[in-house]
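A.B. asks: Below, each chain spelled out in residue letters.
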Amino acid sequence: MKIRNVNSQYIRGIIITAEKNIRIYYAKPPVLIFGIIFPLFLFLSFYLGRKIDFNVFFPGFLAMSLFFAASSVGPLITPWEKQAGTYEKLLSFPVTVNTIILGDVIAGMLYGIIINIIVLTFGLIFLAYNVNVWGLIFGTLLASFCFSSLGVLLASPAAKSPSNIMMLSSVIRFPLIFISGIFIPIKDLTLAGKILSYISPITYIVDIFNFSLKGTHDISLAIDFIALIVFSFFFLFLSNRFHKRNLLKGL
Amino acid sequence: MTEKIIKVKGLTKNFNKLTAVDNISFSVNKGTIFGFLGPNGAGKTTTIRLLTGILIPDSGEVLIDGININNNPIKAKMKLGVIPETGNIYVDLTARQNIILAGRYFGFSGKELYKKSDSLLDIFELYDRKDEPVRTFSKGMKQRVNIASAIVHEPEILFLDELTSGLDVNSQRLIKNIIKDIHQKGTTIFLTTHNIEEANQLCNEVAIISKGKIAVIDRPEVLRNTFEQTRAVEISFNINVANEEIRQNNLIDRIERAGDRLKFYTDDPDKLVKYLVNFSEEKKLKIISLEILKPSLEDAFIKFTEKKSYEN
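Residue numbers (the working numbering), protein chains in the order written: chain A, 1 to 251; chain B, 1 to 312.
Hints listed in this document are in silico derivations from the structure and should not be mistaken for laboratory results. Worth double-checking, as some hints may not be accurate.
No farther apart than 16 Å at their CA atoms in a straight line, the calculated lysine to aspartate or glutamate pairs in the EDC-like style are these [unchecked claim]: (1) Lys7/B <-> Glu205/B; (2) Lys263/B <-> Glu234/B; (3) Lys244/A <-> Glu291/B; (4) Lys28/A <-> Asp92/B; (5) Lys263/B <-> Glu291/B; (6) Lys283/B <-> Glu244/B.
If you're wondering where the values come from, they're calculated on a predicted model, not measured in any experiment.
Based on the sequences and whatever the hints tell you, model everything.
C.D. replies: In structure tokens form, the structure reads like this:
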């Protein structure tokens with residue numbers, strides 16, 4: 001038996017959990033196709049038949065695609081694993097609940113990044129942006145991590161079936177989009193609207209994407225990045241607490 | 001002195017108002033097969049989850065080879081192989097992928113891991129179907145994949161929760177033989193079961209748990225001998241006889257019925273046999289079979305768990 005350093009074993013556990021999730025849950029043709037088709041339908045529903053300047057609309061659309069991709073599968077992994085009886089087996093391996101949470105987050109984050117690269121590529125082909133590469137890279141990485149953490153947090157309630165989690169997931173994720181600055185620029189919102197928009201982590205990535213693609217932003221970039229980091233830690237903290245509290249439910 | 005590989009001190013776990021495990025303490029010697037017996041709902045699975053670090057106790061501690069599993073779960077779990085009661089393998093993965101996945105969590109990789117996995121697939125008679133998704137397997141085959149993935153890292157302690165429950169006879173026999181082989185190589189085995197015969201066949205030491213408390217811990221033969229005074233006589237007549245007709249006798253402690261057979265617990269089997277022969281003549285019954293039974297582990301189990309129920 002190989003007894004490794006506990007820290008390296010911890011990191012190894014995260015990587016293997018992420019790989020396992022990608023192989024079992026993300027690398028399935030329906031999930032991949034959904035990941036690509038969903039932004040396409042979003043685009044069609046928001047853009048076709050309306051007089052929207054796509055140059056203005058695209059950063060928000062990119063943020064929305066990233067949000068949906070990174071947070072879509074995460075809420076379902078734990079309920080699926082509990083239903084199949086594999087969650088208990090997973091916990092018996094040399095891992096902790098945190099290892100599993102971070103593995104789930106990394107898998108969702110990578111999926112979000114891949115879908116975002118595809119959407120971004122199409123955007124850059126058809127639109128003439130003067131791109132700030134670093135803003136795009138760091139913004140995508142951080143926001144994808146943040147949204148995936150939210151997805152994993154949504155997996156923590158003691159729901160008996162994945163369909164219940166899906167309902168909860170929709171109830172929480174859709175309002176976060178509507179209160180963000182995707183549809184109306186933050187500067188045009190009322191005071192109440194502005195306050196509400198700051199509650200949504202999507203607001204900050206929209207601002208980062210606006211800066212990275214159009215060169216304009218409504219909030220300080222430093223605040224955008226700090227807010228995404230704070231939201232990520234907040235979601236991870238809550239995930240840890242709720243996953244531990246509801247550990248046995250559904251096993 | 002025998003080395004204690006598992007030490008449990010004052011372990012308690014409550015679920016709201018229910019105390020599932022109530023201040024239990026025991027230890028397991030290295031290299032033994034330790035049976036943890038109890039009726040459904042006695043606290044067996046909760047205990048195994050506490051021992052393997054899946055659950056955190058409300059009080060008490062579990063030491064795995066001297067390591068506190070709650071303070072240092074990763075290090076302690078490296079020494080464990082766990083086969084929980086239900087499901088537990090990824091049905092979308094192949095048998096080989098399941099074993100390799102488990103091996104990777106325990107620090108193995110590359111050719112060494114592939115070699116180990118192929119060797120296990122061979123031992124578990126699954127090599128020919130190693131690349132098929134587990135969803136196409138029977139329950140017995142899935143359980144074999146489950147066990148193979150739990151022992152790929154050659155654990156020092158193997159926890160088995162209701163090992164053969166619901167399996168066909170061939171799978172049960174194969175799994176029991178493999179468990180015996182693993183034990184012979186020096187692995188300590190902690191087995192929870194409500195199957196008395198399984199514990200009787202496999203275990204060196206047995207603990208009986210009832211309502212979250214340990215009623216007794218000893219070797220199976222010692223537990224059986226504890227009840228040497230209480231013997232049983234099993235009889236079947238050509239027609240069914242109501243328990244009440246025979247119960248009018250102070251020789252009989254308890255009656256159990258299984259099909260057409262009646263089992264009488266008594267302190268004096270010799271007198272009871274004579275009484276039953278006389279009874280059959282009086283009632284003009286034919287005795288189909290008559291046997292004096294040795295005390296079994298099941299008797300000990302019933303006695304101890306009943307005693308615990310009365311105490312509670």
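A.B. asks: Against the structure shown, which of the earlier numbered hints fail to hold, in ascending order?
C.D. replies: Per hint list: single violation, 3.
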